[in-house]
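Take a look at the letters that make up each chain.
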Amino acid sequence: MSVSKFVVAAIAMSVSMTALGAGSHGSGHGHGAKSGEPAKFPEGGRTITVEMHDNYYEPEAFDVKKGEIVRFMVENKGSLVHEFNIGTPAMHEAHQDEMMMMVEHGVIQGGKLNHKMMEMDMGNGKTMKHDDPNSVLLEPGESKEIVWKFTDKGDIEFACNVPGHYQAGMYGDVNFN
Amino acid sequence: MKTTLLSGALALLLPVISLAGEYDLTVDRVEIDTGDFVKEGIGYNGASPGPVLRFKEGEDVTINVTNNLDEMTSIHWHGLILPFNQDGVPGISFAGIQPGETFTYKFPITQAGTYWFHSHSGFQEPDGAYGAIVIEPEGREPFRYNREYVVQLTDKHPHSGDRIMRNLKMMPDYYNREQQTVGEFFSDVSENGLMNTVKDRMAWGGMRMMKADVEDLQGFTGLINGKGPDQNWTGIFKPGERIRLRFINSSAMTYFDIRIPGLEMTVVQADGNNVQPVSVDEFRIGVAETYDVIVRPRDDKAYTIFAESMGRSGYARATLAPEEGMEGSVPELRESARLTMADMGGMHGMDHGSMEGMDHSQMAGMDHSAMKDMDHSNMEDMDHSNMEGMDHSQMAGMDHSAMKGMDHSNMEGMDHSNMAAGGASDPFYAPGSGLVPTAANGGKFLSYADLKAQSPLYEDREPTRDIELRLTGNMERYTWSINGVKYEDADPIRLQYGERVRFKFVNETMMTHPMHLHGMWSMLDVGAGQWNPVKHTISVQPGTTVFMETEVDEPGQWAFHCHLSYHAAAGMFRKVIVEGGPESTKAAVSAQTTGVGGDA
Amino acid sequence: MSRWTSWLVPMMAGLAAMPVLGFAQERIQDTTARKQPLKVWGAQFEEFEYRYSDDDEELAAWNGDFFYGTDALKVRWLTKGEYSIEEKAYEKLENQVVGQIPISDFFDAKAGVRFDTPKGPDRTYAVLGITGLAPQWFEVDANLFVSKDGETSTELDAEYELLLTNHWILAAALDATVAFSEDREIGVGKGLVSTETGLRLSYDVIDRSFSPYIGVVHERKYGDSADFARAEGGSTEDWFAVIGARLSF
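If you read the sequences in order, they're chains A, B and C. Residues 56 to 232, numbered by my numbering, are exactly what the first sequence covers, in order. Residues 435 to 1034, numbered by my numbering, are exactly what the second sequence covers, in order. Residues 1021 to 1269, numbered by my numbering, are exactly what the third sequence covers, in order.
Calculated directly from the structure, the hints in this document are not laboratory data. For glycine and all other residues, C-beta sits at the position ideal for the given N, C-alpha and C. None of the hints are false.
In silico BS3-like links for lysine-lysine, alpha-carbon gap of 30 Å or less:
(1) C:K1055 to B:K938
(2) C:K1112 to C:K1139
(3) C:K1139 to C:K1108
(4) A:K132 to B:K490
Which residues of chain B face chain C? A partial, calculated answer using Cβ under 7 Å:
(5) P524
(6) I526
(7) R600
(8) K603
(9) M604
(10) Y608
(11) R611
(12) Q613
(13) T615
(14) V616
(15) G639
(16) G640
(17) R642
(18) T913
(19) E922
(20) Q991
Starting from the given sequences, assemble the full structure and let the hints guide the process.
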């Protein structure tokens, strides 16, 4: 019993760390860089459609202007779970460890997400929901949108941090012009 | 979207305007210089290894093979799905290629990935007759890289294949120079005590088995792309680039543990079929297997590709560097491997009485390293009383930084003994096996259990038939067999077209056997259902039972054997006949075989 | 699923583009060497040495065998001899030709003939024996000999190799002969006839094909056999220093 509590607590803690680290507040995660912030979509704003495949995005790069607010319509056209996460390479790297845990503990199961597990009350008010504003985690066939403001120029990538996917090349570049 | 439509249209047009390529290969006597010794051998187009054949999925290839030897030859296209009479096994696919003759292979390329080719005649393959095949897919690769290299390994021995076979038959430990000595006895005594050491030696001596019997063939020089460790094959990169390395193990007998100190390797393909990417620090490549990995060297320095043999008697070495001539440090060989009693679990002649209760069939499911299939929804009710069996090998990635508030008071019962070792357990090895690999840096070592197909090749369905194949042998006689019967005395295995056969390999020997079925895919049961990886060669470790499923979708007759050259030659080999098939095929076969007769 | 389609399309392509190929596939029979029993030959000299005795006798001695055959049946020629360098005569010269078949995982049975042609009277025997590897790594070879005249004897050889290192090997060998009937003419008495004990330290220079060694050998005759030897003025116990090489081809 104590062991299960240990595991659950560890997951809960690390997920909440994720939310802080790679999340909306741009706390920097010790790297001093941030990828922007969530925003409200302005009328006439730009929408970019991003398709997820196994294991790559289409398109693999897009251009933004500093301060631009973009709405991303993200659709998973693959047969595996994928993430769309806007961040710096360092943020992605940090997030990959957490995603590894989600796989190890059955939250991400190849082609599906264990929602029951994600939403389970961990007993301390925390859940395993992957609800950071800079990312979406999609099952095959799902689509979601993110509205994001690119506040500062920087080395920003969009990436899937499901274990192995980023390393295999499931990432794209955000180019400022 | 547009391009997808376009390529779709192209695919429809394929029957009319299919790609076609013609290739020429000569089979020649060549000189092989390993840096340690120079040896006459056999090669292709004047060299060993032969050229890298680059095909494109959808292409119809024509390959003219000219035999310049004074003996018969053949070429088998290892891992390619093709009509059986193009498979290149003398006596099974065709009659072989006579000296001076040119044989023309013609077959469609229906797959993509990394494969290889080799002679299937005598010991020409260990003598140097092998090369690589790279097939570009019709669509895009599901991963990205800036450049790629074939990294083809072999275990070149100063003796010819015929001589090695004869020596092994004469003295099975002829090449074993890692045997237990008086010195090891005394070091074991100081570690484990006199009585325990004597008991241990008596137990092994009683079985007449050697703990050191990990590699039949030592004394080789490991080559990468034909270059010995001192000749140092070098692949060039620019820092920050992603490099795809296509590892192929073309060894006669040697399993290699491969690492690139300083680089994480993301495995994206195994045996030519894409797998869900998994990042590792080290992996073991069985004889005849292939693994494609992506690495990303970021620093402006040389990285050593270090491939240590499983028994630690030798190694191959190459370098990735920003420019030619740079060298990274070359690690020391680790301590030689020793079998344990666990590896003898399936041994013939041992008392099996107590083993009936052991169910190996569930072993694939035991690995918790990729705990995808576990339902945690009822965690309160979970019984952790048996947690010893849990594999914590993957826990390196756990973030313990937020653990302060946790109650550790009840943790005594947890067995963390394997955590530091980086996972000294693997469901594809006998529990307690002495062969379980661990990463040199304490990190992640690839397990078969980590391999999941990137996309299922076939619709998942129940197997229609089970076939048990016991892998058997007698080390002292150097005889190797299946179900106790050598090839010379065996009837063919008959499969029906359209079946899905579940093969059960039970390894009753103390050696590892890489089992290779020609012509049809082997879906290795790792407990992932339709995501089970699709392979052409499956390693079965001592004392273990491994399952694979095959969709019987290719008519004709095929070879099925252990890919260790001297095990196959000693009898661990079968012919598989696929009976029936599409109507047109059936008619053609029956018309053609009149008067020829099957191999009953 | 995807494989079905990707498999079908090029297959159709193949059919269309290569009518020559089609499915005109005949099932041939495997008559290659692979389907035949593996034939192996070998030659070994366990002992090939110079012996110098404690009473200054010099001998050349060997113990070798040649074989050819399959797992199921081997033909083996075993040769053993001692040649006295001073007397220029064979003190011992034994040749056997036997057929050998496996009878268990670790043991073979042998049957054949043995010809003894040293100085003095010749002998011919029928041989029946077993040879193999006993538990704890003892190589044993036990033979029963029956002469034309019905004299029977048995010989037991055992050898153990101790690996000091993987190249330095200390080999201990014991041969013992017991006769069930007397053969006065060749100095054999009933009962334990003789023993030969050897200890040899070798080093593998070229693989396992050339391993020079030094060692000591102790020969002793017992009972009636010892008496016969004494009566003829021969010795009943000898110590030898030996130098030689273990050979295999």
